[in-house]
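Work out the full structure: start from the sequences and follow the hints.
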Amino acid sequence: MSLKTPPRPAETAEQGSFSTEYMRINVGPQHPSTHGVLRLVVDLDGEQIVSLKPQIGYLHTGFEKTFEHRTYQQGVTYSNRMDYLHGFAHDLAYVLAVEKLMDARVPIRAQRVRVILNELNRIASHLIFFGTGLLDMGALTPFFYTQREREKILDIFEMVAGVRMNYGYFRVGGLYQDVPEGFEERVRAWYDDFQARLDEYRNLWVGNDIVLARTKGIAVVSRQMALDYGLTGPSLRASGVDLDFRKATPYSSYEDYDFVVPVYQEGDLWARMMIRFDEMVESARIVRQALDMLEPGPIKDPDRRISLPPRHELENSMEAVIFHFKLVTEGFHPPKGEVYVPTESARGELGYYIVSDGGSMPYRVKVRVPSLVNLQLLEPSSIGGLFADMVINIASFDPVLGDVDK
Amino acid sequence: MTAPAAGGPLAAALASLAELDGVASEFKGMVSVTLPKHRIVEALEAVKAAGLVMLTDIFGIDYLTYPGHRGKRFAVVYNVHDISGAARLFLRVELDDGESLPTATEVWPGANFMERETYDMFGVVFEGHPNLRKLLTPEDLEGHPHRKDFPLGESPTLFNDGRFIDPPAFRAGLMGKDPGLTGWKGGAREGVRSSHGTLPQGPEEGGEP
Numbered sequence: 001m002s003l004k005t006p007p008r009p010a011e012t013a014e015q016g017s018f019s020t021e022y023m024r025i026n027v028g029p030q031h032p033s034t035h036g037v038l039r040l041v042v043d044l045d046g047e048q049i050v051s052l053k054p055q056i057g058y059l060h061t062g063f064e065k066t067f068e069h070r071t072y073q074q075g076v077t078y079s080n081r082m083d084y085l086h087g088f089a090h091d092l093a094y095v096l097a098v099e100k101l102m103d104a105r106v107p108i109r110a111q112r113v114r115v116i117l118n119e120l121n122r123i124a125s126h127l128i129f130f131g132t133g134l135l136d137m138g139a140l141t142p143f144f145y146t147q148r149e150r151e152k153i154l155d156i157f158e159m160v161a162g163v164r165m166n167y168g169y170f171r172v173g174g175l176y177q178d179v180p181e182g183f184e185e186r187v188r189a190w191y192d193d194f195q196a197r198l199d200e201y202r203n204l205w206v207g208n209d210i211v212l213a214r215t216k217g218i219a220v221v222s223r224q225m226a227l228d229y230g231l232t233g234p235s236l237r238a239s240g241v242d243l244d245f246r247k248a249t250p251y252s253s254y255e256d257y258d259f260v261v262p263v264y265q266e267g268d269l270w271a272r273m274m275i276r277f278d279e280m281v282e283s284a285r286i287v288r289q290a291l292d293m294l295e296p297g298p299i300k301d302p303d304r305r306i307s308l309p310p311r312h313e314l315e316n317s318m319e320a321v322i323f324h325f326k327l328v329t330e331g332f333h334p335p336k337g338e339v340y341v342p343t344e345s346a347r348g349e350l351g352y353y354i355v356s357d358g359g360s361m362p363y364r365v366k367v368r369v370p371s372l373v374n375l376q377l378l379e380p381s382s383i384g385g386l387f388a389d390m391v392i393n394i395a396s397f398d399p400v401l402g403d404v405d406k
Numbered sequence: 001m002t003a004p005a006a007g008g009p010l011a012a013a014l015a016s017l018a019e020l021d022g023v024a025s026e027f028k029g030m031v032s033v034t035l036p037k038h039r040i041v042e043a044l045e046a047v048k049a050a051g052l053v054m055l056t057d058i059f060g061i062d063y064l065t066y067p068g069h070r071g072k073r074f075a076v077v078y079n080v081h082d083i084s085g086a087a088r089l090f091l092r093v094e095l096d097d098g099e100s101l102p103t104a105t106e107v108w109p110g111a112n113f114m115e116r117e118t119y120d121m122f123g124v125v126f127e128g129h130p131n132l133r134k135l136l137t138p139e140d141l142e143g144h145p146h147r148k149d150f151p152l153g154e155s156p157t158l159f160n161d162g163r164f165i166d167p168p169a170f171r172a173g174l175m176g177k178d179p180g181l182t183g184w185k186g187g188a189r190e191g192v193r194s195s196h197g198t199l200p201q202g203p204e205e206g207g208e209p
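Which chain is which? The protein sequence lines are Y and P, in order.
The first sequence begins at 1 in my numbering and counts up one residue at a time.
The second sequence begins at 1 in my numbering and counts up one residue at a time.
The set of hints was computed from the structure by calculation and includes no laboratory data.
This list has only true hints and no planted wrong ones.
Sample of chain Y residues lacking proximity to chain P, with all beta carbon distances greater than 12 Å (derived):
(1) T141
(2) Q147
(3) R304
Okay, derived cross-link-like pairs now, DSSO-like style, lysine-lysine, Cα gap no bigger than 27 Å in a straight line:
(4) P:K37 <-> Y:K336
(5) P:K48 <-> Y:K247
(6) Y:K65 <-> P:K72
(7) Y:K326 <-> Y:K65
(8) P:K28 <-> Y:K247
(9) Y:K53 <-> Y:K216
(10) Y:K336 <-> P:K148
(11) P:K28 <-> Y:K336
(12) P:K134 <-> Y:K65
(13) P:K72 <-> P:K28
(14) P:K72 <-> Y:K336
(15) P:K72 <-> P:K148
(16) Y:K65 <-> P:K28
(17) P:K134 <-> Y:K53
(18) Y:K336 <-> Y:K65
(19) P:K72 <-> P:K134
(20) Y:K65 <-> P:K148
(21) P:K37 <-> P:K148
Covered stretches of chain P (chain Y as the covering partner; in silico rule of three or more C-beta atoms under 8 Å from a C-beta of chain Y):
(22) 24-35
(23) 50-63
(24) 79-89
(25) 112-118
(26) 129-138
Bear in mind that the values here come from a model prediction, so they are computed numbers and not experimental data.
Cβ coordinates follow ideal geometry from the N, Cα and C atoms, glycine included.
So this is what it looks like as structure tokens:
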């Protein structure tokens, strides 16, 4: 550990010969309030934070290196494992980058299904944010309510992708398979139920005195600070910057939907909380609109360079069998070049910078993960505040440590 | 899907970068500017003044095994965009092994973690960085994992009868770089042919035939 012990605070006249020392506290890495394996070395002057150093890397898995040794289509297996709370965002960011490289044309039905799942996942992620965030304030009950709603969303994911986590459902060029029968009815039923739940949440904690007292005006991130540190996502919009890549550079048919990007000017804990509440409302609206626009149609790019031939063709076409074999064993070969597609995950700007050397595996994949960059704001916004507020401050940036460490 | 071509900040940034010996290129709507190493801080200040006020990412690329690559081994890429998110620019600096870069933390404090990650993964030293330590890998790990000559660290798949699949050779076959599984043209498959049931000592990257 190369951190230096902080200097002893200067003795003032009032203190006389009474000397105080900073206390160094180790927070985490294995503690519920750190939302994963985040370790913080905090120096305290009484209850006030003097310095705070995040120590990360406990979950470093080398996903970027692994990508270099797997074919492009196999990459979907890894991308969603980084941000386990908003996995569809990583899947989407990855396939969008590869599709840009391949000039793939994704059918509109696949794009809409992607949006529905991505926004449902965003809501599920924000529900975890509220559950655990309020838990950090000492409110135990909301966690169970938000988990209840999240379970319903995960049930939908299980219905579609077969799993509740680590979906791997998107494919380069479209989707793995079409959504099952009854999907639309189920999401509509979820939507109606969720509207009632949102009212319940409003009554429960929006405007709650204790929540206001713990969050208003605390751990303020100014607009300039947010820009200097590269903060993105809801936390940035809570500091008064209207930047959402779903609006700025629309992808996957986001331009078709009518939704508002909520922006708060305060930049405090309260704004960072409330903005996610508003985002849940807007995400539910997007889901509803995408459902209304969902029409039957193909779900894969018909381009045989990318997509597997349909099953029935394999039975009477030798060429189809050859294509199938080559795609499964070797994969496709994108042209040489470097691409990046920015997307908006529940945590901020998420993009895959992919370098292709013309082979069937990426030459280099760099994941621009939002949590890692956002975590830098933790120190400047916590300093001078109370230790108990820092715990809520961690939650307010909503880091996912899998996303931080890659 | 591609970023719309914006007139304002991007054009202004490109104009000021041209004065700093920047060479611009475009691929699928993405504009990259390659700069000489000693001008990078000036260039970052210039693009920030031109309106590209957010530094999104700094990362390295190792071109050691890139086919047909001429020039220096590493590239460090700075990903900047404007406040509306529509105008985006990639600044590139090329480096050889052992060369260092001036830090960007003076221009953007947020460059701190990004430079630490690049140092960790590629060994690129950023001079003047306030706290240039490893970010993600353990302190006792030797080397820089994202360099192309850093092994992946996987073990061969062993079958009951003594056959094995050596992962690098297997992959080289898949990619058509080596006669492996799909490139099989008669003769024994890689792994069956070599060394009759003994595992290779320390499989190397790239797949030796």
